[in-house]
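Q: Taken in sequence, the protein lines are chains A and B.
So for the first sequence, full-length UniProt numbering puts the first residue at 1; every next one is plus one.
So for the second sequence, full-length UniProt numbering puts the first residue at 1; every next one is plus one.
Just so you know, the hints here were simulated from the structure itself, not pulled from any lab data.
Pairs of lysine to any residue, SDA-like flavour, derived with a Cα cap of 20 Å: (1) B:K366 / A:D71; (2) B:K366 / A:I79; (3) B:K366 / A:R70; (4) B:K366 / A:N91; (5) A:K92 / B:M273; (6) A:K96 / B:D358; (7) B:K366 / A:E74; (8) A:K95 / A:E24; (9) B:K254 / A:I13; (10) B:K366 / A:Q80; (11) A:K92 / B:V367; (12) B:K82 / A:T44; (13) A:K92 / B:D363; (14) B:K366 / A:R72; (15) B:K121 / B:P134; (16) B:K10 / B:A202; (17) B:K366 / A:D57; (18) B:K242 / B:F333; (19) B:K10 / B:D191; (20) A:K92 / B:I360; (21) B:K340 / B:N275; (22) A:K76 / A:S35; (23) A:K92 / B:I276; (24) B:K10 / A:I79; (25) B:K121 / A:D71; (26) A:K2 / A:N25; (27) B:K366 / A:V100; (28) A:K95 / B:I360; (29) B:K82 / A:G69; (30) B:K5 / A:Q80; (31) B:K5 / B:F365; (32) B:K5 / A:V78; (33) A:K92 / B:N275; (34) B:K5 / A:I79.
Partner residues aside, some chain B positions facing chain A, computed with beta carbon under 10 Å: (35) H12; (36) I21; (37) D364.
Every beta carbon over 12 Å from chain A, so not counted as near; a handful from chain B, in silico: (38) Q44; (39) G48; (40) L123.
All of these numbers come straight from a predicted model, not from anything done at the bench.
The C-beta atom is built at its ideal place from N, Cα and C for all residues, glycine as well.
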Amino acid sequence: MKIIGVAACTVGIAHTYIAQEKLENAGKKAGHEISIETQGTIGTENELSAKQIQEADIVILAADVKVSGRDRFEGKRVIQVPTEVAVKSPNKLIKKVEEVMAQKQ
Amino acid sequence: MGKIKELNLKGHLLTAISFLIPIVCGAGFLIAIGMGFGGLSQGQLVQGEFEIWDALATMGGAALGLLPIVIATGISYSIADKPGIAPGFIIGLAANAIGAGFIGGILGGFLSGYLALAILKHLKVPKWAKGLMPTLIIPFFTSIIGGLIMIYLIGSPIAAFTSLLTGALNNLGSTSLLAFGGVVGLLSGIDYGGPINKTVFAFVLTMQAEGVNEPITALQLVNTATPIGFGLAYFIAKMFRKNIYTPIETEALKSAVPMGAINIVEGVIPIVMNNIVRCLIATAVGGAAGGAVSMSLGADATVPFGGLLMLPTMTNPWTGVAALVVNILVTGFTLALIMKHKTQEEISLKTDDDDEEDDIDLDDFKVI
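Construct all of the structure, not just a fragment, from the sequences and the given hints.
A: Shown next as structure tokens:
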């Protein structure tokens with residue numbers, strides 16, 4: 001399945017990027033196509049394209065702070081967790097996401 | 001409780017703090033350099049009567065004086081989105097005017113955000129007036145209601161409370177200083193930049209915005225020292241012919257230590273995850289020691305972030321160095337002592353198993 005997401009932490013220089021890396025690795029490991037945008041202090045990086053958003057099955061927001069551009073995900077199924085969860089338990093998070101998808105289909 | 005959680009108060013505060021940190025860092029360095037070279041932060045710079053150091057100190061001082069406004073605007077924006085910015089700004093200024101300071105700014109931000117949100121939701125206007133909502137109705141009504149509440153109702157009590165708090169902190173005796181520093185250090189040492197750390201951070205940042213620099217210095221020195229302590233532990237353990245890290249962990253340390261030097265504690269998380277209890281003990285003990293030293297010597301960085309870069313902004317940089325050294329040594333020795341020796345066999349085993357991960361707290365997991 002196609003997963004997209006946004007990572008954003010308070011200070012915006014560490015957790016954000018660790019969460020991105022862990023989520024992408026865990027997602028790829030589980031055989032998904034995954035892309036995580038980072039909203040750090042430096043600004044938005046690895047920005048999600050309109051096409052990516054349109055094709056995505058689910059959105060993961062791993063954020064402690066307000067995510068900018070949330071309206072982009074309107075109508076999508078969105079899962080929100082603190083960055084900490086993505087940092088500590090990325091594989092379990094992806095599994096949980098799969099469960100959510102399975103339930104609602 | 002569920003209702004309160006839904007409001008996401010902490011999330012809004014953290015969003016505002018994320019806007020605040022770069023401002024405090026930039027301004028903190030300006031004022032530190034300016035005052036370090038004999039400049040003075042002045043209300044107004046009179047043409048021809050100031051030096052460059054006065055200019056730097058004044059820029060920094062002016063920015064730091066605006067912190068209540070920044071936090072109010074940030075919180076209000078986080079709650080109500082763009083329509084929250086204008087009233088947050090105005091109510092933040094009201095908080096400053098009545099002397100309610102940073103705490104006033106925080107409460108003012110929430111007030112402003114929820115008021116703006118309420119007007120947005122409940123006030124229905126005819127179509128022709130839609131354009132007036134964000135430009136006039138929300139900023140005017142939110143500001144007049146929130147601003148007057150701030151000035152006539154909550155401002156003065158907050159101002160009194162704030163001066164009581166800062167007064168108490170400034171007059172702490174040496175034993176209480178030791179204890180307070182110990183607690184700050186301990187709390188920040190035990191969750192590696194996680195939620196406890198951030199909560200303590202919000203509190204000590206409030207203190208700094210009120211001009212009390214010591215608590216935040218203690219906190220950040222602990223965050224700086226922790227990863228370096230992990231690095232030192234490697235060498236101490238080696239002296240006793242003990243292997244406490246796997247090769248993967250040693251590899252992680254190579255980036256965790258330099259990251260620590262600039263105040264990012266999170267680099268050690270992968271190592272901590274493999275051995276939570278022992279690492280926690282070592283960082284808590286080290287953090288308590290470092291925090292206590294920092295507070296009792298009075299290390300007082302004017303910037304809230306930066307690791308070793310914070311040292312030159314202190315009145316006496318050696319106080320910060322002393323706190324760091326104590327913290328690093330205590331954490332390092334404790335780790336080297338209590339971590340288990342890893343045999344060759346364990347070292348070759350890669351621990352990248354799903355089962356090792358923490359279970360996800362369902363409270364943290366929101367499907368929208």
